[in-house]
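Put together the whole structure using the sequences plus the hints.
Okay, here's what each chain looks like letter by letter:
2 protein chains.
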Amino acid sequence: MKLTFITTNKHKFTEVKAVLRNYGVEIEQVVMEYPEDKEKEMAEVAAESAKHLSKKLNKPVITEDTGLYFKAYNNFPGALPKFLFKGVGFEGIFKLLRGKDKKAYFKTVMAYCEPDEESVLFEAEMHGEIAAKVVLSKADAMPYDHIFIPDGHKKAIVQMSMEEKNSFSQRGQAARKLGEYLRNKK
Amino acid sequence: MKLTFITTNKHKFTEVKAVLRNYGVEIEQVVMEYPEDKEKEMAEVAAESAKHLSKKLNKPVITEDTGLYFKAYNNFPGALPKFLFKGVGFEGIFKLLRGKDKKAYFKTVMAYCEPDEESVLFEAEMHGEIAAKVVLSKADAMPYDHIFIPDGHKKAIVQMSMEEKNSFSQRGQAARKLGEYLRNKK
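Going down the list, the protein sequences come from chains A and B. First residue of the first sequence: 1, per our numbering; consecutive thereafter. First residue of the second sequence: 187, per our numbering; consecutive thereafter.
Don't read these hints as lab results, they were simulated from the structure. The reader is advised that the hints may include incorrect statements.
Said to hold, decoys possible - Distance ranges between label pairs, derived from CB positions: (1) B:260 with A:153: 30 to 38 angstroms; (2) A:155 with B:203: 55 to 63 angstroms; (3) B:216 with A:39: 14 to 22 angstroms; (4) B:242 with A:153: 49 to 57 angstroms; (5) A:35 with B:208: 49 to 57 angstroms; (6) B:217 with A:18: 46 to 54 angstroms.
C-beta: ideal position from N, C-alpha, C; glycine also.
Dropping the structure here:
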């Protein structure tokens, strides 16, 4: 079985691919922009997007959206972590959190949809805190991986292998839930 | 002539109403949520929204959208000033700008559309800087009015009358452009 993961983000694709392979599921990446109303609930957007895209491509698709929630700021920036990072960078994020609670969590909503069916959603969270400074690394990683220290760990995500990250990250967990679902579905 | 200004924001309505009255144009407020894709250019969104809504209501409508652009942060938050304020508040904005260039500007795009016509756009900017602290006032004002000092002024907007604000603000300017347009159109 080969499924289509629609994402512009190569890191997300690589992570999900590694997890699903353990369930005998191969995926291909399709890079496609699609409208997401960021004022709606993430789950609703993911469900609608996957449904729309599976119908359009006439094959089963996976989509995902990931939010970031700062405890100190009423769960800002929510569904817009990329918007925040692009705007203020590491420096702005550190400034925002200076003297504030550094706790934050990520939430991923992964949607799987077959043509003319309803989307099935898989959600998971990863809690932790924003580091005091950027953890430098040669790794080609997602921006927040350089500053996020997951609960129960002493290092930033960028200092871990993808396998280690996947073993507890919100995206890894959501992908495993999808893997289980697909296995039981056969 | 009575026009319909579609906005959920009573302050915007009051300001635009005061300007347009000078052109013999009365407006009524209609509170309606409509989808805005904040990743698109503001002008495009305003034009599409006004066109869509004038057709839907079958009457001429005005819409507007206002963005905020911090010089220190690559013009962040752009079309999402409300999102930023709701998330981080005055405290977060001051933290972000600590030790940074305080210059910022507002841009308003106002769209006017008659049913089955194309939208006509009126744009204006107001440049200035973010104050060092919140200027307290009993006035029921928009959040950024408490911290924005326009170029050429020594006080925050909240310390001015609406007439004074309208005389130079980006929204006041855009509304006057619309007023001129409507006067010439008769």
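Taking the hints in turn, this is what the structure says about them:
1. B:260 with A:153: 30 to 38 angstroms: holds, 31 angstroms
2. A:155 with B:203: 55 to 63 angstroms: Holds, since residue 155 of chain A and residue 203 of chain B (Cβ atoms, about 57 angstroms apart) stay within the stated range.
3. B:216 with A:39: 14 to 22 angstroms: Holds, at about 19 angstroms.
4. B:242 with A:153: 49 to 57 angstroms: holds, 52 angstroms
5. A:35 with B:208: 49 to 57 angstroms: The hinted range 49 to 57 angstroms is violated for residue 35 of chain A and residue 208 of chain B, with Cβ atoms some 39 angstroms apart.
6. B:217 with A:18: 46 to 54 angstroms: holds, 49 angstroms
Going through the hint list in order, the structure does not satisfy hint 5, though it satisfies all others.
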